[in-house]
Amino acid sequence: MPNLAILARRISRDHASRLYWCSRELTDKCILSSLDNVSVFPALVFASRAEGSLNLGETLPEANLSKDFLVALNQKLGLNKPIADAGALTKWTFDVFHYFYAILWAPSYRTRYGGELSSDFPRLPLTGDLELFRALAKLGGELVALHLLESPKLDKPRSEFIGGGNREVEKASWSKNTVWIDKAQTTGFRGVPEAVWNFHIGGYQVCEKWLKDRKGRTLLNDDIAHYHKIVIALSETIRVMAEIDKVIDNHGNGKETMMMHESLKDIAKEIEATGKPKRMRVRRLLTLVGQERRGKQVTRAIRRLLRRHRLKCHPDFANVHIDSPVWLTLGLKLGRPPRDAAPQDYEPIEPIQLQGVDAASDLEEEVEPHISSIEIDDHTDVEEMVPENGESELGEQVELTTESEEREVVVTIRKGIPAADRPPMLVRRNEPVHRALTQMMDKDFSQLVVANSEHARVEGIFSWQSYGQAILAGRQPERVQDCMSNHFAVVNEETALFDAVREVIHHEVLVVRSKDNRLCGIVTQLDVAEVFIDLAEPFLFLGQIENHLRDLVERMRLTAEELHSLADERDITRADIARVDDLTLGELIRAIQNPEFWQRLGLNHDRTILLNRLERVRKIRNRIMHFDADGIAPPEKCYLKETRRILQEL
22 MPNLAILARR
32 ISRDHASRLY
42 WCSRELTDKC
52 ILSSLDNVSV
62 FPALVFASRA
72 EGSLNLGETL
82 PEANLSKDFL
92 VALNQKLGLN
102 KPIADAGALT
112 KWTFDVFHYF
122 YAILWAPSYR
132 TRYGGELSSD
142 FPRLPLTGDL
152 ELFRALAKLG
162 GELVALHLLE
172 SPKLDKPRSE
182 FIGGGNREVE
192 KASWSKNTVW
202 IDKAQTTGFR
212 GVPEAVWNFH
222 IGGYQVCEKW
232 LKDRKGRTLL
242 NDDIAHYHKI
252 VIALSETIRV
262 MAEIDKVIDN
272 HGNGKETMMM
282 HESLKDIAKE
292 IEATGKPKRM
302 RVRRLLTLVG
312 QERRGKQVTR
322 AIRRLLRRHR
332 LKCHPDFANV
342 HIDSPVWLTL
352 GLKLGRPPRD
362 AAPQDYEPIE
372 PIQLQGVDAA
382 SDLEEEVEPH
392 ISSIEIDDHT
402 DVEEMVPENG
412 ESELGEQVEL
422 TTESEEREVV
432 VTIRKGIPAA
442 DRPPMLVRRN
452 EPVHRALTQM
462 MDKDFSQLVV
472 ANSEHARVEG
482 IFSWQSYGQA
492 ILAGRQPERV
502 QDCMSNHFAV
512 VNEETALFDA
522 VREVIHHEVL
532 VVRSKDNRLC
542 GIVTQLDVAE
552 VFIDLAEPFL
562 FLGQIENHLR
572 DLVERMRLTA
582 EELHSLADER
592 DITRADIARV
602 DDLTLGELIR
612 AIQNPEFWQR
622 LGLNHDRTIL
632 LNRLERVRKI
642 RNRIMHFDAD
652 GIAPPEKCYL
662 KETRRILQEL
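Quick note on my numbering: the sequence shown kicks off at 22 and runs consecutively.
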């Protein structure tokens, strides 16, 4: 029996909303991105299976969904009669997976939850409308057939192979609805829309990537037929994605049922009705008010919105990492939580649990599209905030703001480094070494904190390194205390990020304590390196973009007078421009804006489209020039990366 699996990445460093696919077999770990490994979630599981396969010939399959979930879903959809027949249950399981797949490919879902999709497995909203469920399951099934190249729609080509001379792949490019495979642009596939050419799955631009992987190869008839199918599959994917959102929009209260427009007001009502705290990540909280980062004005505005809806946030969203979880509870008027309540006191809301099968290699566990409906920056009056529905969230009266809320938010270790907000695993000093080693292997940790409790004194760090050093020294440690290291430092969660960096360079490991003296995280040199790579990468992309623009302007062969014409006449500091290297990003863009200069390049590309892209790059650049621990949104980083690629090809 052919199986079906959804491929997903728990934590993404790029292309968060694109990292979903399907398969009938175990896959390569980098099938969606060279940066991010995937997990495989099969629809069916078997008592045993052939090695490396999701299928089994003889044994009966079982749904990879808990019975409790299936019962709850049936009740929600009004299907109170249990499914007893094995064949019917298998078909129903595939319907559920098709529904899941449709949601994962819904543009509204990807946009709305883009921030959270970058830092955890997707959490899928369930509808109680059977008609809507079936419509989405049908569309999800269409997507599966397209993505596995099983759809009958792929048998009628929409593109045409032209040229017919030399079929060797030299360089993949696109212009005038044609994908060219040679530098002279004489041979290629005609009838490929720009949207299809630019379509990405994961980190790969499919139409380009397929040809790049075959550079130097002469295309056979089967290769050409396969490429025709890819074009149809992508074209139909774009259509079905739009259809999914249309079905949700047009289906009564579809968006409300699908939780696509959750608000703080809705959350307050939910908490009041259930009596349970609401768990979400800081990034999700920001998207509820249409923001991506926590500036001073944004932070102040969110505090006011929380007070307006009688909500309390634990821990303070301004003091933890942007991808850390926080818990919303009802505040003073409807019951205040205990003063000593900690995040782990609240039971997190778990996603639908599937039995994951690791992809072809070990899954990494290291740590991300956006919504921008409310424009707030440090020059915007927060009283002007108006959400999507047009109703003011701030009310007529402005609440008093405490001094702590008014002061500038400091970039602390807990806010700037995700690991500082992940409670460490503890081990007692008299614990057997083999038990501690097994715990580290089980959780894929490199070290454990030696302490009796989260409030107790830290006695040391037990790690693979400390254990290995003891073995090399000729000792045979039996207890953790026999080989724990004292090369660590304990810091407060409010320690400034850069002070913490100096400490971790010296001590290798930092143990972080919260304000209430709990152990809230452990930071290593690797954690710091990953954070700074993430923060520095946009600057690197910008530098490469500017260099590619300079190369273009160099090819224009501008005279000294023409170079001077690019500068602002009112800026006396720009009077000494002597060469292209002296031009700023804005001045380089002005050179592209000049039709005469552009003509000298002899390019067939649309100048207006390129200028629109460069204008967005300029705005992103202006934002990231001001250091912010939240960095920039994943789609903006992706936009810079794609711009770099486009300019490199010019």
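Where hints are given, some of them may not hold.
To be verified - The calculated SDA-like cross-link candidates involving lysine to any residue, where the alpha carbons are at most 20 Å apart (straight line), are:
id	residue 1	residue 2
1	230	272
2	333	300
3	286	297
4	197	208
5	662	572
As the list claims (entries may be wrong) - The following label-pair restraints were derived from C-beta to C-beta distances:
id	residue 1	residue 2	range
6	181	467	24 to 30 Å
7	152	554	45 to 51 Å
8	555	520	41 to 47 Å
In short, the hints are calculated from the structure, not lab data.
Glycine included, C-beta positions come from ideal geometry on N, C-alpha and C.
Do the hints match the structure? See the list:
no.	hint	in the structure
1	230 x 272	violated (37 Å)
2	333 x 300	holds (12 Å)
3	286 x 297	holds (15 Å)
4	197 x 208	holds (13 Å)
5	662 x 572	holds (18 Å)
6	181 x 467: 24 to 30 Å	violated (55 Å)
7	152 x 554: 45 to 51 Å	holds (48 Å)
8	555 x 520: 41 to 47 Å	violated (20 Å)
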